[in-house]
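Kindly generate the complete structure, drawing on both the sequences and the hints.
Heads up: the protein sequence lines correspond to chains A and B, in order.
Numbered according to our numbering, the first sequence spans residues 1 to 387.
Numbered according to our numbering, the second sequence spans residues 1001 to 1347.
I should point out that these hints are in silico values taken from the structure, not numbers from a laboratory.
We treat Cβ as the ideally placed atom computed from N, Cα and C, and that holds for glycine.
Don't take every hint at face value.
Pairwise CB distance ranges, derived in the manner of DEER restraints [claimed, not checked]:
#1 B:V1238 to A:G139: 29 to 39 angstroms
#2 A:M196 to B:D1219: 55 to 65 angstroms
#3 B:A1187 to A:R17: 49 to 59 angstroms
#4 A:R17 to B:S1140: 47 to 57 angstroms
#5 A:T21 to B:K1043: 43 to 53 angstroms
#6 A:R362 to B:D1261: 44 to 54 angstroms
#7 A:T245 to B:D1219: 32 to 42 angstroms
#8 B:G1320 to A:G142: 53 to 63 angstroms
#9 B:F1074 to A:S127: 21 to 31 angstroms
The following residues of chain B were derived to be distant from chain A, with all beta-carbon distances above 10 angstroms [what the hints assert, rightly or not]:
#10 G1040
#11 R1060
#12 S1152
#13 S1173
These are the residues of each chain, in order.
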Amino acid sequence: MSARRAAILGTGQTHHRTKRTDVSMPGLIREAIDRAMADAHVEWRDIDAVVIGKAPDLFEGVMMPELFLADALGAVGKPLLRVHTAGSVGGSTSIVAATQVMAGVHRRVLAVAFEKQSESNAMWGLSIAPPFSMPVGAGAGGYFAPHVRAYIQRSGAPEHIGAMVAVKDRRNGALNPYAHLRQPDITLESVQASQMLWDPIRYDETCPSSDGACAMVIGDEEAAAAVDGTVAWIHATAMRTEPTTFAGRDQVNPQAGKDAAAALWRAAGIDDPLREVDAAEIYVPFSWFEPMWLENLGFARDTPGWKLTEAGATERSGELPVNPSGGVLCSNPIGASGMLRFAEAAKQVMGRAGDYQIDGARKALGHAYGGGSQYFAMWLVGADKPE
Amino acid sequence: MRNAAVVGFAQSPSVRSTQGTTNGVEMLVPVLSEIFAQTGLTKADIDFWCSGSSDYLAGRAFSFIAAVDAIGAFPPINESHVECDAAWAVYEAWIKILTGEADTALVYGFGKSSAGELRRVLSLQLDPYTVAPLWPDSISLAAMQARLGLESGRWTEDDMAAVAARSLADATSNPHAQRSGALTDNAPLIADPLHSYDVAPISDGAAALILTTEERARDLIERPAIISGIDHRIDSAVLGARDLTDSPSTRTAAAAAGARDIEIAELHAPFSHQELILREALELSDAVRINPSGGPLAGNPMFAGGLIRIGEAAKRVHSGDASRVLAHATSGPLLQQNLVAVMEAQS
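Here it is, written out as structure tokens:
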């Protein structure tokens, strides 16, 4: 591969809330961009191109909002590319931005992702029933609950695993000043006492609906050398897609996710991800997806994923800390959620994760998925320059 | 840096309305079959896929997900999507080939404008807080732009009609064109000063294009269209803050793409006067043959129209009609965002 090296020079994100009525869409994205630019110590003149991602336009009711956001993005006169790959879009956007640097086309690219869900109604946006398409009509939870049930049946997981993940992520989120839900006092009992929404998924095991944005500045080797401070080197990226439905599709452990992970580990020279990766930001919008994705990503090779969760391996003090930032279970601005995972992985290896820093994190995974679990995007970042 | 080249292109007919669904599958399946037959490649040869489309045109969230069914994407594929004309998907694929991660990429775009009321749908591209609530529709905005040019002396109604006449005459030899022939004397005024012939028809359609490395391209086709430069830029969204009779983003993109010594140019101007703006911004001389396919005034499937310009221009290199061509694509209201690609027979 002839690709050049690329690194994350700085990251920024907004405070996430159910409704950010204090800012417009331009105000929201600028909150994240300004923090990322300050973190990367760059000015507007240093930015060569902008890549923006968000999930469906119907969520805000604006067709191709990047057009009206061009001024707020500082993109006037520059290249501006809009990516849209469903819930994985924040991850895909990061990868597309990184690729522009790796191709040698740009020196510094600003990557931005956002969702201002309060401008519209996500349930409505996802419940349109076009002809000849399978209607969902129950939101994402209704769609994914059967996958979770199938996972439990297949793996023999005890029913408290989902609640354990919720407790862990919400307590982690309490250490993250930007998190939407911060619940230091949450307990296994309180999660298990919360309302059942889509059996077996309880209210406290679901992600919130958030307004929020995330931004990153990605640069080439020269740009990274000019930064006064640490950077996060991109060791590998991977994206894979498969159709939503067809006979024989494994929706619990999708092939596209397995293929993407295999390609990622191969490109990054990782033989044993559980041993070699120090922290993982995994897209877990419903708590049960932690053990499911541990299997899909290849972290749990010899045991079911739930055994890693049950043994505490995914706690901040565990063998593989998963979602030390609190993850999607604490903040879910859908279009930005994937980029938040990618940026949080970068923060860990840059040593800039504050109260939720994993000591000695040198390699971290950022992961996102979307659609009906058939769009996957992931990257591995490291404190050290890749070979 | 290695080069990428266009080695194949296929498109559906542009039609006022298809019977197919908004996800484009029915339009895309024959187009994909054609491009594989044309190049001798198969699905397994494609390292990277990228598409362009719009959820708003389809009237649903995630319209591109169902479009993947047209590929038969199992085993899984390495794939991405731009919520924009697929010309920008070409840009993303071009980047992917430059990195060395992919040697062959397939780009497709589709749009079923007939699913809604296009001029109203496009109003939703405007600033949602201050402009879109007034519902200025796309054709009325273009009429204001045309009027600014007329009153400032930049062009005349005859100049505009000449663009339309040339386009529709050229379209008679294009089997994919939606309309062609001679201008009629009594063409209705749609939005003063725009007559029906000044406005691209509302089209449903789809297109696909294959890019490979220059090396691979030479094994597949005698005269690959090597991309010698491609760039895209955006102008301000504030309509009152820019000169609507000019296109600075096109000018910047053309300079970055190295747009000089062009023989044939395919320009994505959905309104006749916009071709005049583009010709000036691109500094095209009268010797440059513009839109021999008939251009967007003969058929303009949303989200594939820019991709079709790239494909039509590339075909002129493939056929030997030209050695150096330019393709332009636009997105957003009143030429807000513009892409310029320069392709040539030899690098």
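To see whether the hints hold, each was checked on the structure:
no.	hint	in the structure
1	B:V1238 to A:G139: 29 to 39 angstroms	holds, 37 angstroms
2	A:M196 to B:D1219: 55 to 65 angstroms	holds, 60 angstroms
3	B:A1187 to A:R17: 49 to 59 angstroms	holds, 54 angstroms
4	A:R17 to B:S1140: 47 to 57 angstroms	violated, 38 angstroms
5	A:T21 to B:K1043: 43 to 53 angstroms	holds, 48 angstroms
6	A:R362 to B:D1261: 44 to 54 angstroms	holds, 52 angstroms
7	A:T245 to B:D1219: 32 to 42 angstroms	holds, 37 angstroms
8	B:G1320 to A:G142: 53 to 63 angstroms	holds, 57 angstroms
9	B:F1074 to A:S127: 21 to 31 angstroms	holds, 27 angstroms
10	G1040	holds, 24 angstroms
11	R1060	violated, 4 angstroms
12	S1152	holds, 23 angstroms
13	S1173	holds, 34 angstroms
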